[in-house]
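Generate coordinates for the entire structure from the input sequences, incorporating the hints supplied.
Protein chains in written order, with full-length UniProt numbering: chain A, 1 to 68; chain X, 1 to 407.
If you're looking for bench data, these hints aren't it; they were derived computationally from the structure.
What you are looking at is a predicted structure, and each value in this text was computed from that prediction instead of being measured.
Some hints could be false.
[Unchecked claim] Computed list of lysine to any residue pairs in SDA-like fashion (alpha-carbon distance at most 20 Å, straight line):
(1) K212/X with H174/X
(2) K122/X with L36/A
(3) K212/X with R223/X
(4) K122/X with R223/X
(5) K122/X with D22/A
(6) K212/X with E234/X
(7) K122/X with D25/A
(8) K212/X with R227/X
(9) K122/X with D27/A
(10) K212/X with M113/X
(11) K122/X with P21/A
(12) K212/X with G228/X
(13) K122/X with L44/A
(14) K122/X with C356/X
(15) K212/X with L114/X
(16) K212/X with P231/X
(17) K122/X with E28/A
(18) K212/X with E226/X
(19) K212/X with L165/X
(20) K122/X with L35/A
(21) K212/X with E172/X
(22) K122/X with V34/A
(23) K122/X with L165/X
(24) K212/X with R187/X
(25) K122/X with P279/X
(26) K122/X with S222/X
(27) K122/X with R112/X
(28) K122/X with G219/X
(29) K122/X with R29/A
(30) K122/X with D30/A
(31) K122/X with L18/A
[Stated by the list, open to error] Restraint ranges, calculated between C-beta atoms of paired labels, are given here:
(32) Q62/X with D27/A: 46 to 52 Å
(33) L36/A with T143/X: 45 to 51 Å
(34) E63/A with R127/X: 32 to 38 Å
Each residue gets a CB set at the ideal place from its N, CA and C atoms; glycine is no exception.
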Amino acid sequence: MLVHVDPDRCCGAGQCVLAAPDVFDQDERDGTVVLLAARPPADLAREVADAVAACPGGAIRLEEGVPR
Amino acid sequence: MATAAPATSHPAAAHPATSHPAPRGACPFAPPPAYQQAVRDEPVTRVALWDGAPCWLVTRHQDTRDVLADPRFSADAARPGFPFLSAAARQIGAGKTSFIRMDDPEHSRLRRMLTGDFTLRKTAALRPAIQQVADRLFAAMTTGRTRADLVADFALPLPSLVICLLLGVPYEDHEFFQRCSRSLLNRDSPVEEVLAAQDALTEYLDTLTDSKRGNPDDGILSRLVERGELPTEEIGAMGRLLLIAGHETTANMTALSVLALLRHPDQLAHLRAHPEATPAAVEELLRWLSIVQTGVTRVAVEDVEVGGVLIRAGEGVICQLNTANRDEDRYPDGDTLDLTRDTRRHVAFGFGVHQCLGQPLARLELEIALDTLLRGLPDLRLAVPFEEIRFRHEMTVYGIETLPVTW
Numbered sequence: 001m002l003v004h005v006d007p008d009r010c011c012g013a014g015q016c017v018l019a020a021p022d023v024f025d026q027d028e029r030d031g032t033v034v035l036l037a038a039r040p041p042a043d044l045a046r047e048v049a050d051a052v053a054a055c056p057g058g059a060i061r062l063e064e065g066v067p068r
Numbered sequence: 001m002a003t004a005a006p007a008t009s010h011p012a013a014a015h016p017a018t019s020h021p022a023p024r025g026a027c028p029f030a031p032p033p034a035y036q037q038a039v040r041d042e043p044v045t046r047v048a049l050w051d052g053a054p055c056w057l058v059t060r061h062q063d064t065r066d067v068l069a070d071p072r073f074s075a076d077a078a079r080p081g082f083p084f085l086s087a088a089a090r091q092i093g094a095g096k097t098s099f100i101r102m103d104d105p106e107h108s109r110l111r112r113m114l115t116g117d118f119t120l121r122k123t124a125a126l127r128p129a130i131q132q133v134a135d136r137l138f139a140a141m142t143t144g145r146t147r148a149d150l151v152a153d154f155a156l157p158l159p160s161l162v163i164c165l166l167l168g169v170p171y172e173d174h175e176f177f178q179r180c181s182r183s184l185l186n187r188d189s190p191v192e193e194v195l196a197a198q199d200a201l202t203e204y205l206d207t208l209t210d211s212k213r214g215n216p217d218d219g220i221l222s223r224l225v226e227r228g229e230l231p232t233e234e235i236g237a238m239g240r241l242l243l244i245a246g247h248e249t250t251a252n253m254t255a256l257s258v259l260a261l262l263r264h265p266d267q268l269a270h271l272r273a274h275p276e277a278t279p280a281a282v283e284e285l286l287r288w289l290s291i292v293q294t295g296v297t298r299v300a301v302e303d304v305e306v307g308g309v310l311i312r313a314g315e316g317v318i319c320q321l322n323t324a325n326r327d328e329d330r331y332p333d334g335d336t337l338d339l340t341r342d343t344r345r346h347v348a349f350g351f352g353v354h355q356c357l358g359q360p361l362a363r364l365e366l367e368i369a370l371d372t373l374l375r376g377l378p379d380l381r382l383a384v385p386f387e388e389i390r391f392r393h394e395m396t397v398y399g400i401e402t403l404p405v406t407w
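See below:
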């Protein structure tokens, strides 16, 4: 699982951090997405998938097979 | 992008049978029965607005997310065909508005001046300050008393005090701005009254913003002034948006949540037994109540198919959040309030790039409010028969006028 983020598409709603706090964070200055772990461990797959589904701006993308 | 059709062209199916907003049925917490019927029979359906103009109503969960995430649907009220929910809204929409009625990249540029103030971390750091406000209000409400109006004594002042603190607006002026925002959100207000309220609030915030120029504080208005990128009226428009959104929504959610719990004793008992489940309870209450009862408005800027229906450029769309949040496909037995259910992906805060900026703050305030009330008042109950509670059907944001409680 490889995670990509596009801060340009991020609207700073913080949904990814709520869903997967070990993988995503928010920039202090403008609240946009910060990727903490581009290759998160497999046991976080569901949390990451939730973050993708919750992202209102479509700023998160998964590579190498999307779980569920 | 395709050119939008003129606003006056109402295509076929020009006389929809259902109006918007449709009346609620026997259960004051449930969406209008006509819309719940639409979810089953015709999920993307035609409704007639106040002036008879037809508009598409999107009622299902996935369709709502699709529309709100799709840049081919514009939030810009100046575009031809944009659906206005009242005559006053049409007049206001034609003038200077905040970024809520803009599209990217302009929307994003302005919104990002605020997103740093509403991160999860920044918001979480406010917990002690908000708890302090809640404790103070709670003490004032309960000391030497056994009865109160939960709206006036707790649910409304809590978020009002907090947003004033964040923005740098003097709370002493709360009667003024609460009155203005009530007029602005009431679809039955006479047009002149709404426009006067809009002007008064605009002038108030412009003057306040200007006063920060020589006399800065820690508030958001002051910080926007210090950035030096925006003229006074744009800062004022942002302030107006935050001030209204910051207190009306959370106040109504708090009062309705308490009422919903009192009407569902099993759920209330669950929450009392599991205070750690408050965040999950808040999510379910957000889903079940979905208080933005008039939905979210957009206009198509290209022809787009939604749920098998072709929506043409220049046609208006309303995403009906309360039906989307009870869509059985996403939330089995969605009409049932169940604080233990999986509420992920609810759209109570909208979806897409306009999704509520203040949602971490709203969640935190609701958690603190419920926790403070339920912990402090183990015998909390209604002081009047449920039938006497007056629901705010005419407001953009659903709520109740007063909530007489005793303990």
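Hints, one by one, checked against the model:
1. Taking the CA atoms of K212/X and H174/X, the gap is near 19 Å; set against the 20 Å cutoff, the hint holds.
2. Of the pairs offered as hints, the one joining K122/X and L36/A holds, with about 18 Å between alpha carbons and a cut-off of 20 Å not exceeded.
3. Restraint check for K212/X and R223/X: satisfied, since their Cα atoms lie roughly 9 Å apart, inside the 20 Å limit.
4. About 15 Å separates the Cα atoms of K122/X and R223/X, which keeps this hinted pair within 20 Å; it holds.
5. Our distance criterion of 20 Å between C-alpha atoms is met by K122/X and D22/A, whose separation comes to about 18 Å.
6. With a C-alpha separation of about 14 Å, the suggested pairing of K212/X with E234/X holds against the 20 Å cut-off.
7. This hinted pair checks out: K122/X and D25/A have alpha carbons roughly 12 Å apart, not beyond 20 Å.
8. This hinted pair checks out: K212/X and R227/X have alpha carbons roughly 12 Å apart, not beyond 20 Å.
9. This hinted pair checks out: K122/X and D27/A have alpha carbons roughly 11 Å apart, not beyond 20 Å.
10. For the hint pairing K212/X with M113/X, the CA-to-CA distance comes to about 17 Å; that is within 20 Å, so the pair holds.
11. For the proposed pair K122/X and P21/A, the alpha carbon gap of about 15 Å is at most 20 Å, so the pair holds.
12. Taking the CA atoms of K212/X and G228/X, the gap is about 12 Å. The hint holds against a cut of 20 Å.
13. Pair hint K122/X plus L44/A does not hold up; C-alpha atoms about 25 Å apart against a cutoff of 20 Å.
14. Taken as a hint, the K122/X and C356/X pair is honoured in the structure, with Cα atoms around 16 Å apart against an allowance of 20 Å.
15. A hinted pair counts as satisfied when its Cα atoms are at most 20 Å apart, and K212/X with L114/X qualifies at roughly 17 Å.
16. This hinted pair checks out: K212/X and P231/X have alpha carbons roughly 13 Å apart, not beyond 20 Å.
17. Proposed proximity of K122/X and E28/A is supported: the alpha carbons are some 8 Å apart, at most 20 Å.
18. Among the hinted pairs, K212/X with E226/X is consistent with the structure: their alpha-carbon atoms are about 9 Å apart, no more than 20 Å.
19. Proposed proximity of K212/X and L165/X is supported: the alpha carbons are some 14 Å apart, at most 20 Å.
20. Between the alpha carbons of K122/X and L35/A the distance comes to roughly 18 Å, so the proposed pair stays at or under 20 Å and holds.
21. For the hint pairing K212/X with E172/X, the CA-to-CA distance comes to about 17 Å; that is within 20 Å, so the pair holds.
22. Distance restraint check for K122/X and V34/A: the Cα-Cα separation of roughly 15 Å lies within the 20 Å cut-off, and the hinted pair is therefore satisfied.
23. At roughly 14 Å between alpha-carbon atoms, K122/X and L165/X fall within 20 Å of each other, so this suggested pair holds.
24. Taken as a hint, the K212/X and R187/X pair is broken in the structure, with Cα atoms around 33 Å apart against an allowance of 20 Å.
25. Between the alpha carbons of K122/X and P279/X the distance comes to roughly 18 Å, so the proposed pair stays at or under 20 Å and holds.
26. Note on K122/X and S222/X: the hinted pairing holds, with a Cα-Cα distance of about 17 Å set against a maximum of 20 Å.
27. For the proposed pair K122/X and R112/X, the alpha carbon gap of about 15 Å is at most 20 Å, so the pair holds.
28. Of the supplied pair hints, the one linking K122/X and G219/X holds, its CA atoms being roughly 13 Å apart against a limit of 20 Å.
29. Restraint check: the Cα-Cα separation between K122/X and R29/A comes to about 11 Å, which is no more than 20 Å; the hinted pair holds.
30. Taking the CA atoms of K122/X and D30/A, the gap is near 11 Å; set against the 20 Å cutoff, the hint holds.
31. Our distance criterion of 20 Å between C-alpha atoms is met by K122/X and L18/A, whose separation comes to about 14 Å.
32. Checking the proposed 46 to 52 Å range against Q62/X and D27/A shows it is violated: the Cβ atoms sit about 30 Å from each other.
33. Distance hint check: the CB atoms of L36/A and T143/X are about 47 Å apart, consistent with the given range 45 to 51 Å.
34. The hint said 32 to 38 Å for the Cβ distance between E63/A and R127/X, and at roughly 37 Å that hint holds.
In this structure, the earlier hints numbered 13, 24 and 32 are contradicted, and the remaining ones agree with it.
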